[in-house]
Amino acid sequence: MSTLTYPEVGATRLGPLPDGYNHLHHRAAVGRGRTDFEAAGAAVTEWRAHRATGAGVNASAARAAAGVTVKVSAGIGPLRLAAPCEIVWAVYEKDRTGFGYGTLTGHPECGEESFVVELADDGTVWFTVMAFSRPASWYTRLAGPLVPVVQRWYARRLASVLRRAAVSAA
Numbered sequence: 005m006s007t008l009t010y011p012e013v014g015a016t017r018l019g020p021l022p023d024g025y026n027h028l029h030h031r032a033a034v035g036r037g038r039t040d041f042e043a044a045g046a047a048v049t050e051w052r053a054h055r056a057t058g059a060g061v062n063a064s065a066a067r068a069a070a071g072v073t074v075k076v077s078a079g080i081g082p083l084r085l086a087a088p089c090e091i092v093w094a095v096y097e098k099d100r101t102g103f104g105y106g107t108l109t110g111h112p113e114c115g116e117e118s119f120v121v122e123l124a125d126d127g128t129v130w131f132t133v134m135a136f137s138r139p140a141s142w143y144t145r146l147a148g149p150l151v152p153v154v155q156r157w158y159a160r161r162l163a164s165v166l167r168r169a170a171v172s173a174a
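Note that the sequence shown covers residues 5 to 174 in this note's numbering.
Everything labelled a hint here was simulated from the structure, so no lab data went into it. Heads up, some of the hints might be wrong.
[What the hints assert, rightly or not] Computed list of lysine to aspartate or glutamate pairs in EDC-like fashion (alpha-carbon distance at most 20 Å, straight line):
| id | residue 1 | residue 2 |
| --- | --- | --- |
| 1 | K98 | D126 |
| 2 | K75 | E90 |
| 3 | K98 | E42 |
| 4 | K98 | D125 |
| 5 | K98 | E50 |
| 6 | K75 | E42 |
| 7 | K75 | E50 |
Whenever a hint applies, use it, and build me the whole structure from the sequences.
If you want it as structure tokens, here you go:
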């Protein structure tokens with residue numbers, strides 16, 4: 005049985021992010037109105053946004069919920085890296101949908117990342133990725149400053165996918 009690899013479980017839900025980690029905070033407008041909010045929220049919590057970026061997703065449930073395990077993978081063939089995680093919190097509210105997952109034993113990083121879609125009072129649909137992490141394997145330590153660059157790229161890629169999902173829903 006795998007266990008979470010960090011003590012600050014749930015810190016991406018309300019903050020603040022803990023010291024001693026690299027921090028990521030990316031916020032992007034991805035649509036407008038309730039229909040876009042619902043489409044983007046479903047794409048995030050049903051793994052479609054992750055899959056649309058080209059990531060492999062093997063989850064123990066069809067929808068994000070606390071306790072669900074998920075293995076996200078990227079790469080090709082034998083060069084595919086797997087990142088096992090567990091959903092540590094999920095939220096399905098009128099104007100806020102998303103989840104946070106934490107790293108399990110075997111993940112190349114140590115920390116937590118959240119993916120949240122919110123409908124603002126002005127009708128704007130916002131997507132926020134928040135994370136704290138640090139290397140947990142020799143290859144992520146070796147990659148050093150490239151890891152946060154890749155994490156920011158992935159957050160922007162997810163936002164782009166959600167913009168397309170919102171347009172498709174309209």
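Each hint tested on the structure:
1. K98 x D126: Holds. K98 to D126 sits at ~15 Å (cutoff 20 Å).
2. K75 x E90: holds (9 Å)
3. K98 x E42: Distance ~10 Å between K98 and E42 Cα, so the pair holds.
4. K98 x D125: holds (12 Å)
5. K98 x E50: holds (17 Å)
6. K75 x E42: violated (25 Å)
7. K75 x E50: Distance of about 14 Å is within 20 Å: holds.
In terms of the numbered hints stated before, the structure departs from hint 6 and from no other.
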